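2 protein chains.
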Amino acid sequence: MPSETSLIRQIRALAAAQPSNKRLIKGIGDDCAILRPRPGHDLVFTTDFVLEGRHFTLDTHKPADVGHKALARSLSDLAAMGSRPLFCLVSLAVPQHLGQRWISGFYRGLFALAAEHGTSLAGGDLASFDRVIADVVCCGEVPTGKALLRSSAKPGDSIYVTGTLGASAAGFRTQRGANWKRHLRPEPRVAVGLALAKLGVTCCMDLSDGLSLDLRRLCLESGVSAELSGTLPIARAATLDDSLHGGEDYELLFTASPQVRVPEEIASVPVTRIGTIGGGKPGLINFAGRRIRSGGFDHFK
Amino acid sequence: MPSETSLIRQIRALAAAQPSNKRLIKGIGDDCAILRPRPGHDLVFTTDFVLEGRHFTLDTHKPADVGHKALARSLSDLAAMGSRPLFCLVSLAVPQHLGQRWISGFYRGLFALAAEHGTSLAGGDLASFDRVIADVVCCGEVPTGKALLRSSAKPGDSIYVTGTLGASAAGFRTQRGANWKRHLRPEPRVAVGLALAKLGVTCCMDLSDGLSLDLRRLCLESGVSAELSGTLPIARAATLDDSLHGGEDYELLFTASPQVRVPEEIASVPVTRIGTIGGGKPGLINFAGRRIRSGGFDHFK
Numbered sequence: 000m001p002s003e004t005s006l007i008r009q010i011r012a013l014a015a016a017q018p019s020n021k022r023l024i025k026g027i028g029d030d031c032a033i034l035r036p037r038p039g040h041d042l043v044f045t046t047d048f049v050l051e052g053r054h055f056t057l058d059t060h061k062p063a064d065v066g067h068k069a070l071a072r073s074l075s076d077l078a079a080m081g082s083r084p085l086f087c088l089v090s091l092a093v094p095q096h097l098g099q100r101w102i103s104g105f106y107r108g109l110f111a112l113a114a115e116h117g118t119s120l121a122g123g124d125l126a127s128f129d130r131v132i133a134d135v136v137c138c139g140e141v142p143t144g145k146a147l148l149r150s151s152a153k154p155g156d157s158i159y160v161t162g163t164l165g166a167s168a169a170g171f172r173t174q175r176g177a178n179w180k181r182h183l184r185p186e187p188r189v190a191v192g193l194a195l196a197k198l199g200v201t202c203c204m205d206l207s208d209g210l211s212l213d214l215r216r217l218c219l220e221s222g223v224s225a226e227l228s229g230t231l232p233i234a235r236a237a238t239l240d241d242s243l244h245g246g247e248d249y250e251l252l253f254t255a256s257p258q259v260r261v262p263e264e265i266a267s268v269p270v271t272r273i274g275t276i277g278g279g280k281p282g283l284i285n286f287a288g289r290r291i292r293s294g295g296f297d298h299f300k
Numbered sequence: 000m001p002s003e004t005s006l007i008r009q010i011r012a013l014a015a016a017q018p019s020n021k022r023l024i025k026g027i028g029d030d031c032a033i034l035r036p037r038p039g040h041d042l043v044f045t046t047d048f049v050l051e052g053r054h055f056t057l058d059t060h061k062p063a064d065v066g067h068k069a070l071a072r073s074l075s076d077l078a079a080m081g082s083r084p085l086f087c088l089v090s091l092a093v094p095q096h097l098g099q100r101w102i103s104g105f106y107r108g109l110f111a112l113a114a115e116h117g118t119s120l121a122g123g124d125l126a127s128f129d130r131v132i133a134d135v136v137c138c139g140e141v142p143t144g145k146a147l148l149r150s151s152a153k154p155g156d157s158i159y160v161t162g163t164l165g166a167s168a169a170g171f172r173t174q175r176g177a178n179w180k181r182h183l184r185p186e187p188r189v190a191v192g193l194a195l196a197k198l199g200v201t202c203c204m205d206l207s208d209g210l211s212l213d214l215r216r217l218c219l220e221s222g223v224s225a226e227l228s229g230t231l232p233i234a235r236a237a238t239l240d241d242s243l244h245g246g247e248d249y250e251l252l253f254t255a256s257p258q259v260r261v262p263e264e265i266a267s268v269p270v271t272r273i274g275t276i277g278g279g280k281p282g283l284i285n286f287a288g289r290r291i292r293s294g295g296f297d298h299f300k
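If you read the protein sequences in the order shown, they are chains A and B. All residue numbers in the first sequence are consecutive under numbering that gives the first Met the number 0, ending with 300. All residue numbers in the second sequence are consecutive under numbering that gives the first Met the number 0, ending with 300.
FYI, nobody ran anything at the bench for these hints, they're computed from the structure. The structure presented is a predicted model; accordingly, all values stated were derived computationally and were not measured. Please note: incorrect hints may appear among the correct ones.
Said to hold, decoys possible - Keeping only pairs whose Cα atoms sit at most 20 angstroms apart, straight-line, the calculated SDA-like set for lysine to any residue is:
no. : chain 1 : residue 1 : chain 2 : residue 2
1   : A       : Lys61     : A       : Lys145
2   : B       : Lys21     : A       : Arg37
3   : A       : Lys21     : B       : His40
4   : B       : Lys180    : B       : His40
5   : A       : Lys145    : B       : Gly277
6   : B       : Lys145    : A       : Ile24
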């Protein structure tokens, strides 16, 4: 295994080949990265773990899949704020035996997705450990005061989701086909998030832990309830249970007042109306008239 | 063990008791944190792992020690840029059996240090895993173009360090006394970094992996060599080897041109001149006239 210094030199060389970001005054190579913010813009920040044995296994995921997923999770949070990605910081711990090839593969997957979304690698941390651990921080920008929040849903708003639901959970079960590919390589809905902000949508979040749990969180933050009509855009070969409670779809969940005209497709992604926000007990969710419990993924249950 | 939702609620309650930061428009509770940057300032970012079995063990470190150390490592990087801390994001993975008490202890230690330095908790990630893993991201601000860099050392500059060297390595060996306490609770030199920027110092980094390795990194970034005089501020009960190659002192290493008057004490921390920057082969370091190898800590050696 090469030394840490030489590994970092290699990652830096890979990063130098990426599209540059004029507002990143200093990237890899110092104690900190330096960003010169743009006037009239707020910055948004998120951080997400990807842990071996929990979010992936070395048997099922190639290193490039892990790199893709690590960045996709954070970019999906930026998308949910309606923000444009600027840069990421990557903390990566890997077992010595995986070696330089695994690390290069990880960064190849990460850089491919980063390039699609104009995201620069600005720095990070590298350590050896007995399991693979990645923690990716992403920073994005949004015009001042225009970030999409979880807390702005109002009774009477329609509830929408992008794409289809349950694909990732169904793919995880069968480990083949289009759903498995969606599980391995989730697509953060960055372009949709930016378009929603322009449409006048103000309330949005991403679906990482399953519709029933994530919608409950949105309702709690907004102090509202939700009535789901019973119609969901269920992914092919997925079950109703997958689409209600399955995690890792990384679609966007948003609400819009009746005044906002929401098209059936945004940035080439279909959009489906799935229900209405109500003024009932905060966090309460009905599906086709019957109360549903929050399934979804809780790390500590 | 309570659910993830209730754990996050508790952390959020603890965070609400912290001093607020008017530029953090949104903290915990949404997909991202939102920062409204101050005109005329650059933002600096760093991220650092703290891994069980590598940076600490559950036998020797109380949860509050781990929380302190996790934040201290990142704050030390902000200090090295001469920047004022603004906020942090904390990704924390813990085994289920450690439970809520351990998590609360971790955050108690982290919040105590955060309060000392006016740092807000703006968000993060929480997961269960079979080992404790923390990754802390810190963001600070610095007047536009005034960040202290590793790359601005010039031949003829004097080389300085703050405090004493080798305490952490010596403490790690004996696990008692003042040096052990310094190992457990390193003090990031935030006030010193801010003062250095005002003095007109431009080149600085923090000592996390040992003087010989870190000075070599600074020299490589600046394209210079270094002559150490042979006099070092060795901590009581530490060896010369501890002070040259021992990691985790979190003191500041900086250089200054002969025009800059560097006082013997800055922000109540003693400052010692230890050598001179030269124009020899980049990265080459002499100590009392003899070439030394970079010892220090390399994760992959």
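Evaluation of the provided hints:
Restraint check for A:Lys61 and A:Lys145: the C-alpha separation of about 38 angstroms exceeds 20 angstroms, so the hint is violated. A threshold of 20 angstroms between alpha carbons decides the hint, and for B:Lys21 with A:Arg37 the separation of about 19 angstroms falls inside it, so the pair holds. For the hint linking A:Lys21 to B:His40, the alpha-carbon distance of about 16 angstroms falls within 20 angstroms, and the restraint holds. About 36 angstroms separates the Cα atoms of B:Lys180 and B:His40, which puts this hinted pair outside 20 angstroms; it is violated.
For the proposed pair A:Lys145 and B:Gly277, the alpha carbon gap of about 51 angstroms is over 20 angstroms, so the pair is violated. Taking the CA atoms of B:Lys145 and A:Ile24, the gap is near 11 angstroms; set against the 20 angstroms cutoff, the hint holds.
Against the hints set out earlier in the document, violations occur for numbers 1, 4, 5.
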